[in-house]
Amino acid sequence: MKRSAFEESNEAEWKELESSLAALEHGLALPNASRLPQLYRKACGDLALAQHRMYGRRLCERLNSLVIVSYQFLHALLRRGGAQFVRFFAATLPQAVRAEYRLVWLSFALFFVPFGAFLLAAKYDPSWIFATLPQGMQEMMDQSYGHGTTDPSLSNASEGFARFAGYILNNVSINFRIFAAGIIFGAGSMFMVGFQGILIGAMFAYVHVNGDPTKLYTFAASHSSWELLGFIIGGAAGMRLGLALVTPGRLTRSAALRAAGKRALPLLYGSMVMISLAAVIEGNFSPLQIPAIIKYTVGIAGWVFFAVYYFFAGRKAYAA
Amino acid sequence: VAPLDTLQTIELAGGVQILLRPAGPLPRALAFMLDLLFCALILIVGSLLLFFMGMFMGFTGVYVLGGLGMLMFFIVYWGYFVLFEVLRKGQTPGKKSLGLRVVRSTGARVGWGAGFLRNLLRFADMMPLFGAQLMGFYLFGTTSCLATRRFQRLGDLIADTVVIYDRQEIREGLLKSRSPIAPERPPLLLTREEEQAFIEFAERASLWSDSRKEEVVAPLAAILGVSGREGVLRALAIGAWIRDS
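The listed protein sequences correspond, in order, to chains D and V. Per my numbering: the first sequence = residues 1 to 320. Per my numbering: the second sequence = residues 321 to 565.
These are computed hints drawn from the structure, not numbers from a lab. Each hint can be trusted.
Covered stretches of chain V, going by a simulated chain D footprint (3 or more residues, C-beta under 8 Å):
no.	region
1	391-402
2	473-485
3	509-523
Glycine included, each C-beta is placed from N, C-alpha and C at the ideal position.
This is chain V alone, in the form it adopts within the complex:
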């Protein structure tokens, strides 16, 4: 059954289907901001270390420390994302704190090739650029994200990667309705899509206000020939019955 959601179905070699939940531009932008802060932190701490080393090494150390400083900037600027994504299983610190992860579009880990490609292409995704070509407005990347089904920026398209929500945590408490409802057998034969719709409604209903519930359930209630508050209660009961029987 096709999922009634934005989930992406992926078929693995074994024939089993898994579902990935791609992350949109907003959480990814936040993760990027956090990563920028972290990069800045690394550079500041590194520069201070070099500075203190310089106080002990005197004039002859200037070349060595200057060189180390430039190499440090190079590695952080071009390597931060590649190293974290490849060595930390697809998660930079920023992505980790937002619960995101980069995976290949098959759901497998990113390797060096994919990590390298998607992060070099960041330069193109960041366009238009500012600040001596070091930073950008991400216009290309955002456009590409919004134009593709899996929210892929240009680097993702080339490296064949997706940024997904890492754990699809179900907040158990939210999904339980406050007053337990006695399961009710559906009064007529339902198609699989309809059964699925009843289950999904029952599992999410507690997230909505009462009037929104009635609005959402209207097509299902129409099948049952009822409407309004009664439709909500009947749909919840039928959903529970289908799922647990």
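Here chain D stands alone, though its shape is the one from the complex:
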């Protein structure tokens, strides 16, 4: 069949598909939506024919873009809404964390070993703390948690919101960076999680030596589990990316990276949610002037909740 004859006999249907796609592009309702799959299959067939018969660039590329755009509309993601959301927190997230338990424990150790080391330093050799924590931060800790200074309480309700926004900007950004830096063979995430362990450890140890630890612990207890486990899980997600480059196994490195992205995504979402909720608590609940015992209870409840959640949630109900 000559190219011109081929074009003439099929032009009507291509035009119809083109106008349907243009309408979809502008978000209009289609009068003949049920014909779309049929027209799409027709265009697929015509494209294959045109390519095989070498009808030239103009025709082939016209059909090619018809097929691409139709494919994008026909295979668009359906919004699955609430059920998906519930399933994520009931099963997908804890399952994904257990699937990466080695990396999560590694991340946990990278944070808590330096943290613990600084608490020991507070007892045995405080010079480590003064050598580590910058002068400016030492003064900041003196102001907030020193002896006899004002408590870090809220002056009015809207200050809670401002603090929340600041913690979101600071902490969620740190978490995203911890994750992304993992692509550097995992070293970026490991360094940044360890760095957080050193920094926060030195801050706590400094208050033990030079300040009033009760003030610090009553402030930090409530949101501690949300924030620290968030960083730790975000770090594990980043290490997963780096591990794909270091040990791709039987995949090519690019295939391993794609697979790692899929595995890391639930951890990333989980850590993002945990740190955002930590910011809500840290901005609004942690500064409240209420008895210390309530805050410690809330803090311990958080750690117990996450231990139970990550060890046991999603083992039966949604087991795939």
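Use these hints to put chain V onto chain D, whose structure you have.
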């Protein structure tokens, strides 16, 4: 037949092959610059709005507006690309103005997962960083782009996405030769690759100077046993014949 071009062949579930034209680092860098300008514009307009609101709210509004300002910066810095790419069918304003689009490597739309991954990894692609870790020289991303077949930066590799030219517009006027040439039947049996080469030459010849045409057509002219100007004319005639018959 394998395309004689940098196009990427993708086979869809239905068995049909489509062609994607991946975009290189340069148009993408330009699109990124435009997006940066647009981000700056959003932040400036947003800050002015907050500032004027602050004039009416007085001192008590400081915390609320300060908080809103920080949230605005957070959303623009981490969310601008994700939101546009996922909600605007793979196009940020910068990409749109350069005719680019992000798609999954199957040609399908990017979803939240892919959009999120590829844009968080921007932080790694931007390294080495400057300006309080907010901006970077894109050394990692450029290296990765140049080292992969589909110009994928690290974020693209992880999210399994490609940046492509959106519409492959054929400038009809350019492809038509000035003087119509009578189609000529090839004097001998050609392989499919040779037929394809004749067609591609005929369709692009008008984009080149005469001496470049003669240079490019030399291998084809050798098949016909001619050379120089005559080779060009014969190849054009044969290309037209193969395509239209």
